[in-house]
Amino acid sequence: MSPFPKAVLFDLGNTILKINEVNMLRAFSRVFELGKNPKGVSFIKCGFVGKEIGDMLDKEANASQHEFPIRAFVELFSYRTGITFDMPYAELEMEIWKSMHTFSPEPGVREVLAELTAKGIPMGVVSNAAFSTEALQWEMAKHDLLKPFQFVISSADCIYRKPHPEIFKAAAARLGFDPKDIWFVGDVFDWDITGSYGVGMKPIWYNPKKNTAPKTEKVAPNAWREIRNWNEFLTA
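In our numbering, the protein residues as written are 2 to 237.
It is worth saying that the hints were derived from the structure and are not from the lab. Incorrect hints may have been included.
Cross-link-like lysine-lysine pairs, in silico, PhoX-like; alpha carbons within 25 angstroms at most [to be verified]:
id: 1; residue 1: Lys19; residue 2: Lys99
id: 2; residue 1: Lys216; residue 2: Lys181
id: 3; residue 1: Lys216; residue 2: Lys7
id: 4; residue 1: Lys60; residue 2: Lys216
id: 5; residue 1: Lys99; residue 2: Lys37
id: 6; residue 1: Lys52; residue 2: Lys7
My request is simple: use the sequences and hints to build the entire structure.
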């Protein structure tokens, strides 16, 4: 895909790292195991409370384009059940993250990042996540995929979720380029393509599942490109 831009931003989940599993039961079991439970609330009751809070926060986040970090879940869960935690929050967050997720690099992404690095093109990551930037960086480093990037932005740390324009503007400012000089690559059309286009970036839809683009008036028909694999990013 040529000519190359001045900078590139990427989504994380199912763009750079394939999400193989999100195991809520295992994560919740770990939370229950680590907590102090003076009221003796049953695991099943705690599970119902946790699901109710999680579903509510997800619904509110998607409707408002504001992120509710995992810490908000932990605090509400603690208030509702009386379960408390002695460990620092950052450690608890990592315990939840590690027990909940399994990832693997998307095929071909290493080659793309190496090519962009060789060309001196700065890169960043912008992710919708209830977990902190530090948790995302830990996962990326685990797969040796952190070094190519100048920064990682998690919506948990900046209030706004994609497609809200503010998170894209923040990333552009971090790169030091006008949005029109930046490509944004992501797999969720309504978040990544619509949001990046709205601030003037060039959207690249990473679509290995061959989904059909939604009908929308928010993105001009010829304003975005589609790639089905990472090799197409370098050769199209």
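The hints, checked one at a time:
Distance restraint check for Lys19 and Lys99: the Cα-Cα separation of roughly 15 angstroms lies within the 25 angstroms cut-off, and the hinted pair is therefore satisfied. Simply put, Lys216 and Lys181 have alpha-carbon atoms about 24 angstroms apart, close enough for the 25 angstroms limit, and the pair holds. A distance of roughly 30 angstroms separates the Cα atoms of Lys216 and Lys7; the hinted pair therefore is violated under the 25 angstroms criterion. A hinted pair counts as satisfied when its Cα atoms are at most 25 angstroms apart, and Lys60 with Lys216 qualifies at roughly 23 angstroms.
At roughly 20 angstroms between alpha-carbon atoms, Lys99 and Lys37 fall within 25 angstroms of each other, so this suggested pair holds. With a C-alpha separation of about 43 angstroms, the suggested pairing of Lys52 with Lys7 is violated against the 25 angstroms cut-off.
This entry does not satisfy hints 3 and 6, going by the numbered hints stated previously.
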